[in-house]
Amino acid sequence: MPAHAAAAEAASFAAARPDELLPLARAVGAGDPEAGATLVGAVGGGMLRVVRKVLGRGHPDIDDVTQDAVIALLSSLLTFRAECSVEHFANRVALLTALAARRRGRARARQVTVEAESLDDVASDHASPLATTVAARRRVLVRQLLDELPEVIAEALASHFILGYTVEEIAAASAVPANTVWSRLRLGKQALRRKLERDGELADMLGVAK
Amino acid sequence: MIAGAREDCRGDLLAQGRRGALSDAGRLALDAHLAACATCRMARDVWSDFDAVDVVDVRDGARVRALADAVRARSGARRRARAGRPWAAAAAVLLIASGSASAGIWLWKRPAAGDRARPPVASAAPASHVPVARAPQPAAVETSPPAVTRQPAPRRASTIATAERPRQSAAELLAVASAARGQGDTERATTLYRKLQRDYPGTAEAVVSMLPLGRMLLAAGAGRAALAQFDSYLRASTRGPLVAEALYGKGQACALLDDVDEERATWRRLLADHADSPYAPHARRRLTNVQP
Chain A
548 MPAHAAAAEA ASFAAARPDE LLPLARAVGA GDPEAGATLV GAVGGGMLRV VRKVLGRGHP
608 DIDDVTQDAV IALLSSLLTF RAECSVEHFA NRVALLTALA ARRRGRARAR QVTVEAESLD
668 DVASDHASPL ATTVAARRRV LVRQLLDELP EVIAEALASH FILGYTVEEI AAASAVPANT
728 VWSRLRLGKQ ALRRKLERDG ELADMLGVAK
Chain B
369 MIAGAREDCR GDLLAQGRRG ALSDAGRLAL DAHLAACATC RMARDVWSDF DAVDVVDVRD
429 GARVRALADA VRARSGARRR ARAGRPWAAA AAVLLIASGS ASAGIWLWKR PAAGDRARPP
489 VASAAPASHV PVARAPQPAA VETSPPAVTR QPAPRRASTI ATAERPRQSA AELLAVASAA
549 RGQGDTERAT TLYRKLQRDY PGTAEAVVSM LPLGRMLLAA GAGRAALAQF DSYLRASTRG
609 PLVAEALYGK GQACALLDDV DEERATWRRL LADHADSPYA PHARRRLTNV QP
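Residue numbers (my numbering), protein chains in the order written: chain A, 548 to 757; chain B, 369 to 660.
Okay, chain B solo, but in the shape it has when bound (with noise of 0.2 Å):
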């Protein structure tokens, strides 16, 4: 026991005076009450040692820039998607996937469902509660549709009445997967894509769904599905533009699985035949921090 310890010490001064909001009486006050406060005294050490980390990295600017533009990005894809042109939602998910565009667009990726798990604010509660961070539950079963805690998105009447026609073509489903997926719906995304892949198996739109499927797969902590995915296109496209998209994924599979060998093997691939990707230097760390 740390003599002087009070855990129900109620003072704020330490919070104020780490702001520089205290004047020369509270300063003396804090320094008093430091003397005879261990809790405080160790609450003082743990915010010094962590304000000793709050530096700006050299990279920080390029990667806001990045994240802005991916937000950019994202915008607009989505204003096509729900312009109802299937072709430029299908194109917006290459583009996306493939970051031919710029590195923002590479960045992006949907969030996991863990960080959606808390519902967007209620009506009730106030709008600065923040909707994110309950740790997701594990996926009891790794080949079921992710379980998504959080409450649906709610529908667009056109999009429902557009994915419930009997009959849609392989361009039209990966479509309307895109745009629930962009709405937030991964419940019905899910749902979508994998329509798609058993209606149209072989199509390119089918093999381009792998990827988006596999990363909320991915998302959800279903590794054994998500894998199932990222392989599958990498089986349909050795040479597509997406490779490098599919080994990444593949590698935070294996990542999640701890399938240590298969991951290292999937980082080395990707950099043997990807060494200009993005995705480079995430794979350049892992091989250094996972080691067999």
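Here chain A stands alone, though its shape is the one from the complex (with noise of 0.2 Å):
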């Protein structure tokens, strides 16, 4: 099953059954830290995953952003309700540490990012070297539009696509009306088309004339 996949399925709020990982979250908001580092070595993979996604792979801050969203979870675990699974907790987790660092690190990481970006179109498995190249400047777009939103507009869109999550998903993760959501996912639609249409770069790409 594709990473995604996976992520999206264990993603789902109405899970028929059972949160396997929340006997574990609640040994470790108890204090128990042997349960600390098997809940890491369950969830840490897709947080790793996540945080790749948000900063490029090939980042190298990849790691520290991970560790710094591990810190997050474990530390959050001790007030979590259980109104998520603790796996989408997690992959929410990671996704805002690793927004929060990419834009605490935007004016001295530019370089980096283009040049993780570039290690992203080595890496794709994209059909044609065109939609290898295409997906990676749009990623490139995406990311940079994340910085620049407004910080809730940003983790709407950023849960909406690289998380895959529904409205309603989004809306009981950020404890907001699914209302207010949609207005959120509208604006940064808006601002993504917008960023897309008036790339030079990509409508080059696409044979666009601008």
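There's no promise every hint is true.
[As the list claims (entries may be wrong)] Footprint (simulated), chain A over chain B, 3 or more residues, beta carbon under 8 Å:
no.	segment
1	381-387
2	418-430
3	650-657
[What the hints assert, rightly or not] Facing chain B, from chain A, some residues (calculated, C-beta under 10 Å):
no.	residue
4	Pro570
5	Arg573
6	Val597
7	Leu677
8	Val681
9	Arg685
10	Val689
11	Gln691
12	Gly711
13	Val714
14	Thr727
15	Arg733
16	Leu743
17	Gly747
18	Ala750
19	Asp751
Just so you know, these hints were derived from the structure itself, not from any lab. Yeah, the Cβ is synthetic: ideal placement off N, Cα and C, and Gly gets one too.
Got two chains here, each in a separate frame; can you build the complex from them with the hints?
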């Protein structure tokens, strides 16, 4: 099963079966150190992949940001109310931590981001070189937009596009009404469409006259 | 303007379809919707772009194991610190900083202030609201203690009592500062580390404290203040066990300050003197990525 499909499946709020990680998360909240290590072993891989998607494959800060996300996850489990699955919660912590890291390091890491994207190109499984190049360019533009948008809109957009969450899931995770999420997504998609349309490099690749 | 663009499109069919949750009728409905809705076509393309890079790296297993080891080691160190044994807390600082126990311990560091800036879930808010990700404001005066916008963790009464006794030894101060840092009370930890350096200059404890303080300042975006701590350690302990750690911190501080030449010189020194350090791969990457 592709990683994204597995993540999407695990992300489902309305899971038919009970959350198998919940007892572990409760034990972490109660201060059991071994439970913390076991939980990280269970959700760490998914968190790592989320961080990699936000920062770009090959970004030098992936490991550091994943550590930050793990720390944030363990700290927040004390108050976790199980309104979503533990894995879903962990992935969202990873997403928000990575978005924050991007914003924090934007000024100093511009060069690195570009280079990390070129590694994305090399490693991509897309069928054609053009498709690979276009996809990499779009990822660059989406990540740039996430840095530029107001945080709440960026969070909604990233939850939607990177984690693949539905509106209801985003609303539950961020504790806002679904209508608010719709509104944020609408603004985010408007901005994304403008950014993609106005990018000369992308237009050149697609053979679109500017 | 893309023909057929409807940003107010409220269909969640795409998200359902992406996770294989649509019936045959649902799939037909999605196809029909995509033919008419350019916004959802754009969303489909962007989703596909990110799915293409959602792959497992061959080193992910080792990375996750290292993270789990670090959690285990950190929990052990905090338990020892809470047990009220100053020597154990100091040893934990040394152990965590030097990474002599495992690769996982090498990896561990405190979270950046910005990542902790969203306070832990308030009692009125749903607990699943994630307590991270507000970008921090740049520190106005870098020599000041880092601005911590989140609510400080409640202090343990015993810790406060210990910290506020009129005269503490250097080892006691280091232990209390480490415990405060372990509890996430960055502001208090910073104050105590600075007190240790002021009251006991030149002692082993004061020298060791330069590294965790430097890391906290770095996490708060106070690059110059952090650099001063790492440089002080490197001057005071040219062959100490934590030199690689200090060089790693210095390199990061230089990166934060956009001092490319000094950053590259730091990574070169780290590779020359500590080629086996876990920080060596990071140093090599930075030397490749950051050009003068």
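Comparing the hints with the structure gives:
no., hint, result
1, 381-387, "holds (count 4)"
2, 418-430, "holds (count 10)"
3, 650-657, "holds (count 4)"
4, Pro570, "violated, 16 Å"
5, Arg573, "violated, 12 Å"
6, Val597, "holds, 9 Å"
7, Leu677, "violated, 13 Å"
8, Val681, "holds, 8 Å"
9, Arg685, "holds, 5 Å"
10, Val689, "holds, 6 Å"
11, Gln691, "violated, 13 Å"
12, Gly711, "holds, 6 Å"
13, Val714, "holds, 6 Å"
14, Thr727, "violated, 13 Å"
15, Arg733, "holds, 5 Å"
16, Leu743, "holds, 7 Å"
17, Gly747, "violated, 17 Å"
18, Ala750, "violated, 13 Å"
19, Asp751, "violated, 17 Å"
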